[in-house]
Amino acid sequence: MISTITNLQALEAESIFIMRETAAQFERPVLLFSGGKDSAVLLRLAEKAFRPARFPFPIMHIDTGHNFPEAIEFRDRRVAELGERLIVRYVQDSIDQGRAFEEPGVASSRNRLQTVTLLDAIRELNFDAAIGGARRDEEKARAKERIFSFRDEFGQWDPKNQRPEVWNLYNGGIRSGEHVRVFPLSNWTELDVWRYVEEEDLELPSIYFAHRRLVFERSGMLMSVSDHLPLRPDERAFEHQVRYRTVGDMTCTAAVSSSASTLAEVIAEVAAFRVGERGATRIDDKFSETAMEDRKREGYF
Amino acid sequence: MAIAALDSRLAGPAAALSTIDLLRLSTAGSVDDGKSTLIGRLLYETKSIFEDQLEAIERASLRQGADQLNLALLTDGLRAEREQGITIDVAYRYFATPRRKFIIADTPGHVQYTRNMVTGASTSDLALILVDARNGVVEQSRRHALLASLLGVRQLLVCVNKMDLVGYAREAFEQVRDEFSSFATGLGTANVAFIPVSALYGDNVIEPSANMEWYDGPALLPYLEAVPAGSNAGEAGFRFPVQWVVRPMSNEHHDYRAYAGQIGSGRVQPGDEVLVLPLGKTTRIRAIDTYDGSLDSAAAPLSVSLLLEDDLDVSRGDMLCDPFSPPSSSQDVEAMVCWFSETPLNPNGRYTIRHTTRKARALVTGIDYRLDTNTLQRDTDVRGLNLKLNDVGRLRLRTTQPLLWDEYRRNRVTGSFILADEGTNSTVAAGMILPPGEDW
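Just so you know, the protein sequences line up as chains A and B, in that order. Under the numbering used here, read the first sequence as residues 5 to 305, first letter to last. Under the numbering used here, read the second sequence as residues 982 to 1421, first letter to last.
Since the hints were derived computationally from the structure, they do not count as laboratory data. Backbone N, C-alpha and C fix where the C-beta goes; we use that ideal spot for every residue, glycine too. Treat each hint with caution, since some may be false.
[As the list claims (entries may be wrong)] Pair by pair, the computed Cβ-Cβ distance ranges are:
1. A:Glu207 / B:Glu1194: 54 to 64 Å
2. B:Asp1033 / A:Asp156: 24 to 34 Å
3. A:Arg127 / B:Asn1367: 35 to 45 Å
4. A:Lys164 / B:Leu1357: 23 to 33 Å
5. A:Pro237 / B:Glu1039: 24 to 34 Å
6. B:Glu1026 / A:Glu221: 29 to 39 Å
7. A:Glu207 / B:Asn1367: 49 to 59 Å
8. B:Glu1194 / A:Thr266: 30 to 40 Å
9. A:Glu221 / B:His1091: 37 to 47 Å
10. B:Glu1026 / A:Thr266: 24 to 34 Å
11. A:Phe158 / B:Leu1260: 38 to 48 Å
12. A:Gly102 / B:Arg1044: 22 to 32 Å
[Said to hold, decoys possible] To give an idea of the interface, some chain A residues facing chain B are shown, with a C-beta separation under 8 Å as derived from the structure:
13. Ile9
14. Thr10
15. His70
16. Ser180
17. His244
18. Gly280
19. Glu297
Sequences and hints are given; from them, build the entire structure.
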């Protein structure tokens, strides 16, 4: 008789519990989808929690307009396979409406502007819970995050005054206008995610695997050449074998030099990494020591 | 099949599944005992710190004017924490060795943030309590040991830290050990271990220290790799709080109706008789469904969907359980509670109670005593008896619906609850249910 389970089975059971708790405690939850590996895992966990019924929530993507085309293709294909409802809200609309302003300079990114679009969409569609794929191992402010994380009527996170979260008794109580961010993958690490992708045979956008790409170097990072990110006079484009560790906005997500073209190779590579996932790939976390905390306080993912 | 059935009975109600390759631990101890430094040291020595994170804390250490790497900055991630050099809220950190993955809840030492320590300890297999060798057992050490014990954390590990500042003297270690042991005996905590360490210099963290040859026990990391994981949560029989009803309402699955949830304790297989509470009717398990197909048996803590032989009225908050050892069912419960809110307990107040998947309203019907966390004395002074922020006490509650409960010591899932303020919805207390009239 089996008397033990693996770390991954324990994490899966916990995450399914969190998904169902969200569906049961809230009137209008939504699942936030970015097109990355963590979103792919979230979708599988939602299938595990609710099939053979449909998901008790729609899927929403906040589109910066600066996406990797592979991520958008993946999104549309996956949602169609699942037969679930997709909502897309565009950062461009927020800019056109004068609600968000593009940052000046060549290093400008729409990453931070997503917060405006996200909070507007939550208000417009009256969502009371938003499920996201953030993990505590990603970043030091995220390491402090609750699984049910309360947001006030301004969408703000108050890290100094979080609700105590004991056992698995998640408190989803809110008043009108407030909402909760739910993070079912809180206790997963980058390596856990990749092992789960392997175990579940999940499809991911192709850019997670090694491919040749036209890139240039900026701040010591490899950025993809695209219309969204013009080269400065001193920068030079060159072809290189790369893959992505995270999939975000093209203007702030860097590639890593890699020859890992299969899942097994990627897992071996992740297990040996000496640089953190966001440290290696996100320019937006480098603005200051507490860049993530500052964005999260405003209502970022 | 018969053998399998026999097997599951032999294995008894305590047959929850445990994880060998995962250990959840939380840190505790007074301010400046070096909790964050010790965790930083563990992460550093196991090469669990990424280079970019290391560079970032090197820069931050320099900016703070420190003459060496401030490893505490690894877990003190908030702006306010870095400014003040203290831990305010729990930071969850993850590291793995070839033997195990570890989830560490690094919790605050300040009395005012005790509630965050409780948050971290409530899901832990092991509580790591730091004691400064120079100061010995202080009030916060006792408070944290008490809370860990109340929360049913199975293993207590006391790291006597800053041994470098007492010349690595055996007497200093033994004094703390003896003092702590006598306090722990009063708590009834079974498993307490002691390790002398210097978090700053790494003595006895990964390998035995050459500075303390008189100590012949394991270093911290080997100890954590070998200690049994899991809690005492599985001592009651089968408990399945219904979380969600799966009803596809599609043509293909027209009559499908499954009860989804996470098994709280025990084990179940198709054909088993189960009691549905509060309905009071028994039925049998028809199938155990998952996305990956039907299972021959399942046990805590798996999340599954159960199909029943009979059509019964079952919904969220109800419970499927072992008919031969059901939980208690009552509207009156007695419990030890930790008070989390700046607003003291309202002795005649009404609160929202969340217990398993059930939400109800609860009325405070009595405060039996406030527990002095330092002396363990029960303050029963009737006049003015109340619970304030970070107090621990014994309460009686009456709920609008019956709770289906077990004693917390036997079952974490059915023995725990939280109270929330009905106006702000904030969580104001954590409770651990006691049998009527029994003292903690």
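Hint check:
no.: 1; hint: A:Glu207 / B:Glu1194: 54 to 64 Å; verdict: holds (56 Å)
no.: 2; hint: B:Asp1033 / A:Asp156: 24 to 34 Å; verdict: holds (32 Å)
no.: 3; hint: A:Arg127 / B:Asn1367: 35 to 45 Å; verdict: holds (40 Å)
no.: 4; hint: A:Lys164 / B:Leu1357: 23 to 33 Å; verdict: holds (31 Å)
no.: 5; hint: A:Pro237 / B:Glu1039: 24 to 34 Å; verdict: holds (33 Å)
no.: 6; hint: B:Glu1026 / A:Glu221: 29 to 39 Å; verdict: holds (33 Å)
no.: 7; hint: A:Glu207 / B:Asn1367: 49 to 59 Å; verdict: holds (58 Å)
no.: 8; hint: B:Glu1194 / A:Thr266: 30 to 40 Å; verdict: violated (49 Å)
no.: 9; hint: A:Glu221 / B:His1091: 37 to 47 Å; verdict: holds (45 Å)
no.: 10; hint: B:Glu1026 / A:Thr266: 24 to 34 Å; verdict: holds (32 Å)
no.: 11; hint: A:Phe158 / B:Leu1260: 38 to 48 Å; verdict: holds (44 Å)
no.: 12; hint: A:Gly102 / B:Arg1044: 22 to 32 Å; verdict: violated (38 Å)
no.: 13; hint: Ile9; verdict: holds (5 Å)
no.: 14; hint: Thr10; verdict: holds (6 Å)
no.: 15; hint: His70; verdict: violated (24 Å)
no.: 16; hint: Ser180; verdict: violated (11 Å)
no.: 17; hint: His244; verdict: violated (20 Å)
no.: 18; hint: Gly280; verdict: holds (4 Å)
no.: 19; hint: Glu297; verdict: holds (6 Å)
Of the numbered hints listed earlier, those contradicted by the structure are 8, 12, 15, 16 and 17.
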